[in-house]
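S.K.: Each chain, written out:
Protein chains: 2
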Amino acid sequence: MRKVNFEEVDAEEVGKECKGVSIRWLITKDIGAKHFAMRMFDVEPKGHTPLHSHEWEHEVFVLEGKGMVLGEGGEEKLKKGDVVFMPSNEKHQFKNTGDEKLRFLCLIPYLD
Amino acid sequence: MRKVNFEEVDAEEVGKECKGVSIRWLITKDIGAKHFAMRMFDVEPKGHTPLHSHEWEHEVFVLEGKGMVLGEGGEEKLKKGDVVFMPSNEKHQFKNTGDEKLRFLCLIPYLD
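Heads up: the sequence lines are chains R and Z, in that order. Every letter in the first sequence is one number past the one before it in this note's numbering, and letter 72, counting from 1, is 72. Positions in the second sequence are counted from 1; adding 1000 to them yields this note's numbering.
FYI, nobody ran anything at the bench for these hints, they're computed from the structure. One thing to keep in mind: the hints can contain errors.
[Said to hold, decoys possible] Simulated pairs of lysine-lysine, BS3-like, Cα-Cα distance not exceeding 27 Å:
| id | chain 1 | residue 1 | chain 2 | residue 2 |
| --- | --- | --- | --- | --- |
| 1 | R | K3 | R | K34 |
| 2 | R | K77 | R | K29 |
| 3 | Z | K1091 | R | K29 |
| 4 | Z | K1016 | Z | K1079 |
| 5 | R | K79 | Z | K1016 |
| 6 | R | K34 | Z | K1029 |
| 7 | Z | K1019 | R | K79 |
| 8 | R | K3 | R | K80 |
| 9 | Z | K1003 | R | K19 |
| 10 | R | K34 | Z | K1077 |
| 11 | R | K77 | Z | K1003 |
| 12 | Z | K1003 | R | K91 |
| 13 | Z | K1016 | R | K80 |
For clarity, every value in this text was computed on a predicted model and none was experimentally measured.
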C-alpha cells in the first residue's frame, strides 16, 4: 500500500481556460492505479474550471467551500459533503461562488 | 449530472467480520457509473473492517477521525486528509483508534 497526506502532494496551477484553479494528483497510474485516478482541486473565490465536455466521467466529493456546478440540465449549488456524478460527454463547469476556497475531490477513469 | 449530499444516502450496517462499520454507496452503476464506485465508510470507536484481500484495489481519502490501516508491509496511522492506495490482492484492514468516528471515502473499480 501507499499512504500520503494530500499536503505532501504538490498543487499545480491549471491553465487553459481555468481561473484560479490548482490540482493535486493524489493517486495515479504511476503508483499502480490501473483503473482510475484521484485528484484534488482547489478553486479560489471567483475562480472556475472551463465549460467543456470529454469522454471521461467525473466522480466528485466536495470537501470545503461553496460553489456551483453547471451541467446540461442547469445549475446545482455545492457545499461540503455534496456528491456529483458527471456523466461522460456532458458539458459542465465548476465555479467558486463563496468567499473561501472551494476544494473537491474529482476522480476519473483511465479509459483504455 | 446527478447531485446528492452524502446525508441523503442511507448508511447500511456492514456485517460479515466487521465491527461497528457502516457504508453509504454514493455513486454506483445504478446511476450510470460504469468504471468505479464511490462509497463512504463510518467506523465507530474500537470498530474495524475485516483483515482480508480481494482482486479490486481501494482508493481511500480520510475525511475525519483517527485510525490505522494495516497492509502487508505493516501499519500506517490515519488522520484527516490522508490518502491510501491499497493495491489489488494486498491483505488489509482499517481500524478506528480514536474516540470519535473514523470516516473515509473508499472507491473501487467495476472489474469486467
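S.K.: Indicate, hint by hint, whether the structure satisfies it.
M.R.: Hint-by-hint comparison with the structure:
1. R:K3 / R:K34: holds, 17 Å
2. R:K77 / R:K29: Not satisfied, since the Cα-Cα distance of roughly 32 Å exceeds 27 Å.
3. Z:K1091 / R:K29: Since the Cα atoms of K1091 of chain Z and K29 of chain R sit roughly 21 Å apart, the hinted pair holds (cutoff 27 Å).
4. Z:K1016 / Z:K1079: Holds: K1016 of chain Z and K1079 of chain Z sit about 25 Å apart, inside 27 Å.
5. R:K79 / Z:K1016: This hinted pair is violated, its Cα atoms lying about 34 Å apart.
6. R:K34 / Z:K1029: holds, 19 Å
7. Z:K1019 / R:K79: violated, 31 Å
8. R:K3 / R:K80: Roughly 24 Å separates the two Cα atoms, so the pair holds.
9. Z:K1003 / R:K19: Holds - the C-alpha atoms of K19 of chain R and K1003 of chain Z are around 23 Å apart, at most 27 Å.
10. R:K34 / Z:K1077: Satisfied, since the Cα-Cα distance of roughly 25 Å is no more than 27 Å.
11. R:K77 / Z:K1003: Distance ~9 Å between K77 of chain R and K1003 of chain Z Cα, so the pair holds.
12. Z:K1003 / R:K91: holds, 15 Å
13. Z:K1016 / R:K80: With Cα atoms ~31 Å apart, K1016 of chain Z and K80 of chain R exceed 27 Å; violated.
Violated hints for the displayed structure, listed by number in ascending order: 2, 5, 7, 13.
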